Amino acid sequence: MKAIFAVVSALLLSVALMTSAVATPVDTYEFKSVDNQKRALDLAHSLRCPQCQNQNLIDSNSPVAQDLRLEVYQMVDAGKADAEIIEFMTSRYGEFVLYKPKMEAKTYVLWLGPIGLLLIGLMIGFVFVRKQRISNVVEQDISAEDQAELDKLLKRDGK
Amino acid sequence: MKKRLVLFIPLVLFLVMGVFLYKGLFLNPQQLDSALEGKPIPAFQLERLEDSNEIITNESLKGQVSLLNVWATWCPSCKYEHPYLMRLARQNILPIYGINYRDERALAVRELTREGDPYTKNIFDHDGRLGLDLGVYGAPESYLVDHNGIIRFRYAGPIDMRVWKETLYPMIQELQAEAKAVGAS
Numbered sequence: 001m002k003a004i005f006a007v008v009s010a011l012l013l014s015v016a017l018m019t020s021a022v023a024t025p026v027d028t029y030e031f032k033s034v035d036n037q038k039r040a041l042d043l044a045h046s047l048r049c050p051q052c053q054n055q056n057l058i059d060s061n062s063p064v065a066q067d068l069r070l071e072v073y074q075m076v077d078a079g080k081a082d083a084e085i086i087e088f089m090t091s092r093y094g095e096f097v098l099y100k101p102k103m104e105a106k107t108y109v110l111w112l113g114p115i116g117l118l119l120i121g122l123m124i125g126f127v128f129v130r131k132q133r134i135s136n137v138v139e140q141d142i143s144a145e146d147q148a149e150l151d152k153l154l155k156r157d158g159k
Numbered sequence: 001m002k003k004r005l006v007l008f009i010p011l012v013l014f015l016v017m018g019v020f021l022y023k024g025l026f027l028n029p030q031q032l033d034s035a036l037e038g039k040p041i042p043a044f045q046l047e048r049l050e051d052s053n054e055i056i057t058n059e060s061l062k063g064q065v066s067l068l069n070v071w072a073t074w075c076p077s078c079k080y081e082h083p084y085l086m087r088l089a090r091q092n093i094l095p096i097y098g099i100n101y102r103d104e105r106a107l108a109v110r111e112l113t114r115e116g117d118p119y120t121k122n123i124f125d126h127d128g129r130l131g132l133d134l135g136v137y138g139a140p141e142s143y144l145v146d147h148n149g150i151i152r153f154r155y156a157g158p159i160d161m162r163v164w165k166e167t168l169y170p171m172i173q174e175l176q177a178e179a180k181a182v183g184a185s
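Going down the list, the protein sequences come from chains X and A. All residue numbers for the first sequence refer to the numbering used here, where the first residue is 1 and numbers rise by one. All residue numbers for the second sequence refer to the numbering used here, where the first residue is 1 and numbers rise by one.
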């Protein structure tokens, strides 16, 4: 019991550390308002650095990410909408910079594929279980003679 | 018989996945398609590196098939690429415009005088604004621009003999033929 408690608390602690480590912008940019800051940071978190590829704009320290981050901050402070800023980025760096791809014809497979696979899996599972059940029923189908014998045995044991 | 065939489904799925993953081994994730291919060069108005009085704009690049090469003195791969650019410049196939990206003017000029200057002209993009509009994510990068000022191809990474012979030169010949057909030089 103690061991389980230790493991669970360690897990919780690491999750807590992970979330707190995410919010550490490096630059000293002064936002016009706290709301702007929150929106800009959220947005920059959702955009991928084109150079270092597995980091978002906040995490990365590459010059490109610094530029783009600053660009996002300034555009947010200038009152630009999220959609406008995302359009600005994708028109220059392509869809690649979006961690969350847009829903459009060429990304349908990406978005709907998992749901499709899940449905297929459920269908196969359903058919499989049903088949199994039917065959089980067939096996239990014993003759009246055997049933009588079985009842007799059960009765005897019941006494 | 039908049941037998069903048993082959996992094998078929495995083979299909295998083919995709095998192909994936040879994709270079660092080679991104430029979002600007097929679009005009973004509007800019910047000083020439060698002469701050001369202003180069996106209009200056029209009329001729050209190569834009993004470089900087802080970029080691640009130094690697430099000798090959020198060779290309001597062959005089097309104008090569340098975009000196996020660099210091004095350092850049010194490097060009010391190592040789393969560029027809150099655009001085000190704060990286043109680079950002072009979608530059690292130097060196090269852009093939047609006679209408439309970006036709972007190559990220140093140009070497292989890239030049297999990719860039055939495209340049095509674009130059296109330009000739409509009477531009």
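Treat the hints loosely; a few may be bogus.
As the list claims (entries may be wrong) - No more than 35 Å apart at the CA atoms, straight line, and that leaves these computed lysine-lysine pairs for DSBU-like: (1) A:Lys79 with A:Lys165; (2) A:Lys23 with X:Lys106; (3) X:Lys131 with A:Lys3; (4) X:Lys80 with A:Lys62; (5) X:Lys100 with A:Lys2; (6) A:Lys3 with X:Lys80; (7) A:Lys23 with X:Lys102; (8) A:Lys121 with X:Lys100; (9) A:Lys79 with A:Lys62; (10) A:Lys165 with A:Lys23; (11) X:Lys38 with X:Lys80; (12) X:Lys38 with A:Lys39; (13) A:Lys180 with X:Lys131; (14) A:Lys180 with X:Lys102; (15) X:Lys80 with A:Lys79; (16) X:Lys102 with X:Lys38; (17) X:Lys131 with X:Lys32; (18) A:Lys121 with A:Lys180; (19) A:Lys121 with X:Lys106; (20) A:Lys79 with X:Lys106; (21) A:Lys39 with A:Lys2; (22) A:Lys121 with A:Lys2.
Calculated directly from the structure, the hints in this document are not laboratory data. These numbers come from a predicted model, not from an experiment.
Distance restraint between lysine 102 of chain X and lysine 38 of chain X, which requires alpha-carbon spacing of 35 Å or less
Holds - the C-alpha atoms of lysine 38 of chain X and lysine 102 of chain X are around 22 Å apart, at most 35 Å.
Please verify whether lysine 131 of chain X and lysine 32 of chain X have alpha carbons no more than 35 Å apart.
The given pair, whose Cα atoms are some 65 Å apart, is violated under the 35 Å limit.
Take the C-alpha atoms of lysine 79 of chain A and lysine 62 of chain A, compute the straight-line distance between them, and say whether it is at most 35 Å.
holds, 28 Å
Restraint check for lysine 38 of chain X with lysine 80 of chain X, where alpha carbons must lie at most 35 Å apart:
holds, 14 Å
Can the restraint linking lysine 80 of chain X and lysine 79 of chain A be considered satisfied, given a maximum Cα separation of 35 Å?
Cα-Cα ~40 Å, so violated.
Holds or violated: lysine 180 of chain A and lysine 131 of chain X, Cα atoms, limit 35 Å.
Not OK: lysine 180 of chain A and lysine 131 of chain X at ~71 Å, beyond 35 Å, violated.
Given the hinted pair lysine 165 of chain A and lysine 23 of chain A, is their alpha-carbon gap at most 35 Å?
holds, 24 Å
For the pair we were handed, lysine 100 of chain X and lysine 2 of chain A, check the Cα-Cα distance against 35 Å.
violated, 42 Å
Restraint check for lysine 180 of chain A with lysine 102 of chain X, where alpha carbons must lie at most 35 Å apart:
Violated. Lysine 180 of chain A to lysine 102 of chain X sits at ~40 Å, over the 35 Å cutoff.
Would the pair lysine 23 of chain A and lysine 106 of chain X pass a check requiring their Cα atoms to be no farther apart than 35 Å?
Roughly 20 Å separates the two Cα atoms, so the pair holds.
Under the criterion that the straight-line Cα-Cα distance not exceed 35 Å, is the pair lysine 39 of chain A, lysine 2 of chain A satisfied?
Answer violated: lysine 39 of chain A to lysine 2 of chain A is near 54 Å, above 35 Å.
Holds or violated: lysine 38 of chain X to lysine 39 of chain A, with C-alpha atoms at most 35 Å apart:
Holds: lysine 38 of chain X and lysine 39 of chain A sit about 34 Å apart, inside 35 Å.
Figure legend: structure checked against the earlier numbered hints; hints not met, in rising order: 5, 6, 8, 13, 14, 15, 17, 19, 20, 21 and 22.
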